[in-house]
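Chemist: Sequence:
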Amino acid sequence: AVVSTQSTGYVRVYNLVKQAMVRKLVCGVKWASCMAIHPKGDNLIVGSYDKTLVWFDMDLSTKPYKSLQQHKKAVRDVCFHSRLPLYSSVSDDCSAIVTHGMVYDDLVKNPLIVPVKVLRAHKPCTKYGVLCNVFHPALPWLFSGG
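The sequence shown: position 135 = 135 (the working numbering), numbered continuously.
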């Protein structure tokens, strides 16, 4: 499946084998800037230029499970750790926020989302802050650039 966004506040999920759209998620944000899919594949985070992170549990609904406003400026990137229950978001406010995002195998339990640490090592050089981030594949290390 391929996931795409556009400025109308929707995320479209496409099945490339069938060459058809299979789902249309309603973000509730004006401009989506980035997204990341959980390693298990059922959860999606969308970041936006209007300071919001939107968490989707695609097994539950086409509407957001939770909207989070942790940043003071535009969210530029989000990523999940491949093995640990962590995700991070970076923003033009020069911060990276690491969050514990536990997804359970039991479909009755909702994901657990708990902020862990706000990292403020970057300094603004223009109107932009931190532009990208990625986790180390095996260790609990976060790399950020901007």
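It is possible that part of the hints are untrue.
Straight line, CA to CA, 27 Å or less: simulated BS3-like cross-link-like pairs of lysine-lysine [said to hold, decoys possible]:
(1) K66 - K30
(2) K51 - K72
(3) K73 - K109
(4) K66 - K51
(5) K51 - K73
Note that these hints are calculated values from the structure, not bench results.
Chemist: Evaluate each hint against the coordinates.
Modeler: How the hints compare with the structure:
Annotation: proposed proximity of K66 to K30 holds, straight-line Cα distance about 16 Å (limit 27 Å). This hinted pair checks out: K51 and K72 have alpha carbons roughly 6 Å apart, not beyond 27 Å. Note on K73 and K109: the hinted pairing is violated, with a Cα-Cα distance of about 31 Å set against a maximum of 27 Å. With a CA separation close to 14 Å, the supplied pair K66 and K51 stays within the 27 Å bound.
Between K51 and K73 the CA atoms are separated by roughly 5 Å; this keeps the pair inside 27 Å, and the hint holds.
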